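Residue 106 in this note's numbering is what sits at position 69 of the sequence shown, and the numbering runs on without skipping anything.
A hint or two may mislead.
[What the hints assert, rightly or not] Below, a list of computed lysine to aspartate or glutamate pairs in the EDC-like style, where the Cα atoms sit at most 20 Å apart:
(1) Lys-128 x Glu-110
(2) Lys-164 x Glu-215
(3) Lys-141 x Asp-116
(4) Lys-164 x Glu-86
(5) Lys-210 x Asp-185
[What the hints assert, rightly or not] Cβ-Cβ distance ranges computed for the label pairs, FRET-style:
(6) Val-214 x Met-158: 20 to 28 Å
(7) Asp-87 x Ser-192: 36 to 44 Å
(8) Ser-192 x Lys-128: 18 to 26 Å
(9) Tyr-104 x Val-214: 38 to 46 Å
(10) Glu-215 x Asn-157: 38 to 46 Å
(11) Gly-77 x Val-155: 16 to 24 Å
(12) Val-155 x Arg-72: 42 to 50 Å
These aren't lab readings, by the way, just hints derived from the structure by calculation.
Note that the structure is predicted; figures quoted are calculated from it, not measured.
The beta-carbon is built from N, C-alpha and C at its ideal position, and this holds for glycine as well.
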Amino acid sequence: MRMLRYVLAGILMLGLAIPGVALADNDDDSDKGRRCSNIGTWFGVNSPEDTRLTGVFWTVIGKSEHYGTNIVEQLNNPDPTIGGLIPGAVKASSLRGDWYRTGKRTFAYTMMGYGVDVDNMLVGTVKFRGDVTLYYDCEFAYVTAMLDIYYPNTSPFDDDPDVTIPFFSQWGKRTQVE
């Protein structure tokens with residue numbers, strides 16, 4: 038009976054490890070796994086096939102290709118309340134934060150910004166966290182995000198978020214010097 042437990046445990050661990058190994062190299066693309074840098078300026082686009090701009094752009098800065106800073110701007114932000122989740126917000130700040138490399142083409146990030154009311158008083162802080170994967174010869178980024186919302190009585194550094202929701206994914210296209 039004891040031997041059966043060890044065999045079943047071994048099979049279970051092998052079964053759990055195989056998908057992890059397959060996903061670990063999932064960032065391989067048509068250029069045979071070339072290591073990509075995400076440093077540069079990116080403009081939000083509908084998809085790699087439809088490069089019309091979405092109104093979001095971000096700049097990735099770093100002294101190294103392993104970690105650095107993100108700055109995101111969305112000048113056409115139609116709803117600073119984020120669907121009513123931050124009531125009273127009439128204006129939203131840009132987002133700023135950090136990133137680090139997780140694979141040849143993958144990166145993790147966390148950024149924060151805030152919303153203010155008509156009196157320029159803080160009514161909510163947002164924290165975006167997620168992953169970026171570079172595709173198509175490192176010229177397109179696919180960005181996923183979770184959104185944490187903190188109301189003025191909570192700290193994005195010390196407290197659990199008041200609200201957490203998955204946020205829509207975004208494609209970005211790298212700018213080029215012409």
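So, going through the hints one by one against the coordinates:
Under the criterion of a C-alpha separation no larger than 20 Å, the hint pairing Lys-128 with Glu-110 is consistent with the structure, at around 13 Å. A threshold of 20 Å between alpha carbons decides the hint, and for Lys-164 with Glu-215 the separation of about 35 Å lies outside it, so the pair is violated. Between Lys-141 and Asp-116 the CA atoms are separated by roughly 35 Å; this puts the pair beyond 20 Å, and the hint is violated. Straight-line distance between C-alpha atoms of Lys-164 and Glu-86 comes to about 30 Å, which puts the hinted pair past the 20 Å bound.
At most 20 Å may separate the alpha-carbon atoms for a hinted pair to count; Lys-210 and Asp-185 exceed this at roughly 26 Å. The hinted window of 20 to 28 Å between Val-214 and Met-158 is violated, with their beta carbons roughly 42 Å apart. Range check, Asp-87 to Ser-192: about 40 Å between beta-carbon atoms, so the 36 to 44 Å window is met. For the pair Ser-192 and Lys-128, the beta carbons lie near 22 Å from each other, so the given range of 18 to 26 Å is met.
As the Cβ distance of Tyr-104 to Val-214 is approximately 24 Å, the hint placing it in 38 to 46 Å is violated. In this structure the hint that Glu-215 and Asn-157 lie 38 to 46 Å apart at CB holds, the actual value being about 40 Å. Roughly 37 Å separates the CB atoms of Gly-77 and Val-155, a value that falls outside the hinted 16 to 24 Å. About 48 Å separates the C-beta atoms of Val-155 and Arg-72, a value consistent with the hinted range of 42 to 50 Å.
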